[in-house]
Amino acid sequence: MSKFLLIPDSFKGTMSSEEICSIMEKAIRKNRPEAEIISIPVADGGEGSVDAFLKAMGGEKVTIRVKGPYFEDMEAFYGIIGAGRVGVIEMSACAGLPLVEGKADPRKTTTYGVGQLMEDAIRRGCRKLIIGLGGSCTNDAGAGAAAAMGAVFCDKAGNSFIPTGGTLKNIEHVDTSGLLSQLKGVELVAMCDIDNPLYGEKGAAHVFGPQKGATPEIVEELDSGLQHLDQVLQKELKLSIAEAKGAGSAGGMGYGMLAFFGAALQMGIDTVLDTVKFDELLVGADYVLSGEGKIDTQSIRGKVVIGIAKRTKKAKVPLIAIVGDIGDDIEEAYEKGVSGIFSINRVAVEYKDARKRAREDLYLTVDNIMRYMQAIEK
Numbered sequence: 001m002s003k004f005l006l007i008p009d010s011f012k013g014t015m016s017s018e019e020i021c022s023i024m025e026k027a028i029r030k031n032r033p034e035a036e037i038i039s040i041p042v043a044d045g046g047e048g049s050v051d052a053f054l055k056a057m058g059g060e061k062v063t064i065r066v067k068g069p070y071f072e073d074m075e076a077f078y079g080i081i082g083a084g085r086v087g088v089i090e091m092s093a094c095a096g097l098p099l100v101e102g103k104a105d106p107r108k109t110t111t112y113g114v115g116q117l118m119e120d121a122i123r124r125g126c127r128k129l130i131i132g133l134g135g136s137c138t139n140d141a142g143a144g145a146a147a148a149m150g151a152v153f154c155d156k157a158g159n160s161f162i163p164t165g166g167t168l169k170n171i172e173h174v175d176t177s178g179l180l181s182q183l184k185g186v187e188l189v190a191m192c193d194i195d196n197p198l199y200g201e202k203g204a205a206h207v208f209g210p211q212k213g214a215t216p217e218i219v220e221e222l223d224s225g226l227q228h229l230d231q232v233l234q235k236e237l238k239l240s241i242a243e244a245k246g247a248g249s250a251g252g253m254g255y256g257m258l259a260f261f262g263a264a265l266q267m268g269i270d271t272v273l274d275t276v277k278f279d280e281l282l283v284g285a286d287y288v289l290s291g292e293g294k295i296d297t298q299s300i301r302g303k304v305v306i307g308i309a310k311r312t313k314k315a316k317v318p319l320i321a322i323v324g325d326i327g328d329d330i331e332e333a334y335e336k337g338v339s340g341i342f343s344i345n346r347v348a349v350e351y352k353d354a355r356k357r358a359r360e361d362l363y364l365t366v367d368n369i370m371r372y373m374q375a376i377e378k
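Just so we're aligned: 375 in our numbering is position 375 of the sequence shown, and the numbers increase by one with no gaps anywhere.
Simulated from the structure, these hints should not be mistaken for lab results. Being a predicted model, the structure only gives us computed values, none of them experimental. The reader is advised that the hints may include incorrect statements.
Stated by the list, open to error - Here are the computed lysine-lysine pairs in the DSBU-like style, where the Cα-Cα straight-line distance is at most 30 Å:
hint	residue 1	residue 2
1	K12	K55
2	K356	K128
3	K26	K314
4	K356	K245
5	K356	K26
6	K245	K26
7	K314	K108
8	K277	K30
9	K3	K314
10	K128	K156
11	K61	K30
12	K294	K310
13	K235	K55
14	K316	K303
15	K238	K55
16	K303	K314
17	K238	K61
18	K356	K12
19	K61	K277
20	K12	K169
21	K245	K352
22	K245	K202
23	K30	K128
24	K238	K30
25	K303	K202
26	K3	K238
27	K128	K55
28	K108	K238
29	K336	K3
30	K238	K12
31	K108	K277
32	K103	K128
33	K303	K26
34	K3	K30
35	K108	K26
36	K245	K294
37	K356	K277
38	K184	K12
39	K294	K316
40	K277	K26
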């Protein structure tokens with residue numbers, strides 16, 4: 001009996017990871033009804049991360065009232081997985097871009113609600129938190145989340161306030177003593193798939209600010225605020241982490257996770273693989289099927305397929321990547337452990353047309369691969 005592990009990323013804007021797993025399984029079952037199939041939906045830390053973990057491991061989805069991007073009351077959620085000691089939070093649940101559609105302004109948005117989700121998970125007994133950094137509408141470097149967890153930010157006059165991207169420049173003093181007491185004995189891991197620094201031309205504001213509604217003038221204002229916060233924390237907390245890989249992720253939330261919470265920044269796929277105990281599931285596997293919307297040179301820097309390939313190569317298990325599109329110069333993917341790459345764009349049409357038939361084409365592509373396997377294994 002063959003054993004298959006299915007662990008694809010979503011095809012952004014087309015199919016969720018869970019949906020892809022279901023279609024893959026259907027095609028495999030048609031050809032090998034007796035196969036053992038283990039599905040592990042994947043999300044990169046953005047929208048869908050909580051549901052992906054819950055689908056893969058089981059657990060509870062918790063919904064609570066928190067503050068939204070503009071400090072409005074809203075319902076948001078997180079997951080408690082496994083034996084109930086691990087909380088999974090996606091910051092996009094209460095600080096995501098879709099929540100500010102048509103009114104985006106990263107000078108005014110906050111991660112305060114993210115801190116409320118973290119605090120609630122700890123209060124319910126979680127001793128490890130996995131925080132997904134992705135899809136944010138914020139640029140406050142996690143100061144809002146820190147404030148929700150007990151950090152106190154003061155201006156020149158000594159007045160406390162909750163900083164946003166546009167008011168980071170007003171911070172003169174930070175007291176983290178209340179925050180640290182809550183985090184005692186809690187392990188924090190932040191899922192982060194980019195390596196941008198906190199500020200500068202490759203930093204949070206310049207690279208990601210425009211997609212959050214920032215004009216060139218606002219980008220400069222936000223970048224200046226991030227620099228100011230870093231200067232304050234260098235002086236008061238003796239930190240020098242602005243250049244850390246991933247510090248600029250999610251409007252500087254990567255920096256905040258390091259500075260305020262002492263979290264480890266880890267590639268999203270590595271966090272997923274470790275949490276679901278992928279290496280154990282890999283034992284005895286005959287094939288692993290993964291995929292993403294497009295595999296290209298950016299993928300090779302450490303996205304889902306390549307993160308999986310590093311482990312399948314070590315275990316000597318074939319990895320088949322099934323993707324929407326294949327870019328140029330991806331030969332390195334094979335060196336890193338990918339056995340074969342197949343596009344589901346069977347009739348070579350543009351994306352706007354390909355997405356309409358993506359589900360059927362995915363099924364037919366996996367079916368085609370299975371037919372070939374059957375032929376060579378006879």
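A quick look at each hint next to the structure:
1. For the given pair, K12 sits about 18 Å from K55 by alpha-carbon distance, which is consistent with the 30 Å threshold.
2. Restraint check: the Cα-Cα separation between K356 and K128 comes to about 40 Å, which exceeds 30 Å; the hinted pair is violated.
3. For a cut-off of 30 Å, the pair hint linking K26 to K314 stands: about 28 Å separates their Cα positions.
4. About 37 Å separates the Cα atoms of K356 and K245, which puts this hinted pair outside 30 Å; it is violated.
5. Between the alpha carbons of K356 and K26 the distance comes to roughly 19 Å, so the proposed pair stays at or under 30 Å and holds.
6. Proposed proximity of K245 and K26 is contradicted: the alpha carbons are some 40 Å apart, above 30 Å.
7. Taking the CA atoms of K314 and K108, the gap is near 47 Å; set against the 30 Å cutoff, the hint is violated.
8. Simply put, K277 and K30 have alpha-carbon atoms about 28 Å apart, close enough for the 30 Å limit, and the pair holds.
9. Between K3 and K314, the direct Cα distance comes to roughly 18 Å. Compliance with the 30 Å bound is thereby established for this hinted pair.
10. Restraint check for K128 and K156: the C-alpha separation of about 36 Å exceeds 30 Å, so the hint is violated.
11. Between the alpha carbons of K61 and K30 the distance comes to roughly 33 Å, so the proposed pair goes past 30 Å and is violated.
12. Restraint check for K294 and K310: the C-alpha separation of about 19 Å stays at or below 30 Å, so the hint holds.
13. With a CA separation close to 44 Å, the supplied pair K235 and K55 exceeds the 30 Å bound.
14. The suggested pairing of K316 with K303 holds, with an alpha-carbon distance near 20 Å, which does not exceed 30 Å.
15. As the CA atoms of K238 and K55 are separated by approximately 41 Å, the hinted pair breaks the 30 Å bound.
16. Annotation: proposed proximity of K303 to K314 holds, straight-line Cα distance about 18 Å (limit 30 Å).
17. For the given pair, K238 sits about 38 Å from K61 by alpha-carbon distance, which is inconsistent with the 30 Å threshold.
18. Between the alpha carbons of K356 and K12 the distance comes to roughly 13 Å, so the proposed pair stays at or under 30 Å and holds.
19. Simply put, K61 and K277 have alpha-carbon atoms about 21 Å apart, close enough for the 30 Å limit, and the pair holds.
20. With a C-alpha separation of about 36 Å, the suggested pair K12 and K169 falls outside the 30 Å cut-off, and the hint is violated.
21. Distance hint between K245 and K352 is unfulfilled; the C-alpha atoms sit about 34 Å from each other, more than 30 Å.
22. Straight-line distance between C-alpha atoms of K245 and K202 comes to about 11 Å, which keeps the hinted pair within the 30 Å bound.
23. A threshold of 30 Å between alpha carbons decides the hint, and for K30 with K128 the separation of about 40 Å lies outside it, so the pair is violated.
24. At most 30 Å may separate the alpha-carbon atoms for a hinted pair to count; K238 and K30 exceed this at roughly 60 Å.
25. Note on K303 and K202: the hinted pairing holds, with a Cα-Cα distance of about 19 Å set against a maximum of 30 Å.
26. Our distance criterion of 30 Å between C-alpha atoms is broken by K3 and K238, whose separation comes to about 51 Å.
27. The suggested pairing of K128 with K55 holds, with an alpha-carbon distance near 19 Å, which does not exceed 30 Å.
28. At roughly 28 Å between alpha-carbon atoms, K108 and K238 fall within 30 Å of each other, so this suggested pair holds.
29. Note on K336 and K3: the hinted pairing holds, with a Cα-Cα distance of about 22 Å set against a maximum of 30 Å.
30. Taking the CA atoms of K238 and K12, the gap is about 40 Å. The hint is violated against a cut of 30 Å.
31. The hinted pair formed by K108 and K277 fails the criterion: a straight-line CA distance of about 40 Å is larger than 30 Å.
32. Taking the CA atoms of K103 and K128, the gap is near 34 Å; set against the 30 Å cutoff, the hint is violated.
33. Between K303 and K26 the CA atoms are separated by roughly 26 Å; this keeps the pair inside 30 Å, and the hint holds.
34. Between K3 and K30, the direct Cα distance comes to roughly 15 Å. Compliance with the 30 Å bound is thereby established for this hinted pair.
35. Proposed proximity of K108 and K26 is contradicted: the alpha carbons are some 47 Å apart, above 30 Å.
36. Restraint check: the Cα-Cα separation between K245 and K294 comes to about 24 Å, which is no more than 30 Å; the hinted pair holds.
37. Proposed proximity of K356 and K277 is contradicted: the alpha carbons are some 35 Å apart, above 30 Å.
38. A hinted pair counts as satisfied when its Cα atoms are at most 30 Å apart, and K184 with K12 does not qualify at roughly 37 Å.
39. Under the criterion of a C-alpha separation no larger than 30 Å, the hint pairing K294 with K316 is consistent with the structure, at around 24 Å.
40. Restraint check for K277 and K26: the C-alpha separation of about 24 Å stays at or below 30 Å, so the hint holds.
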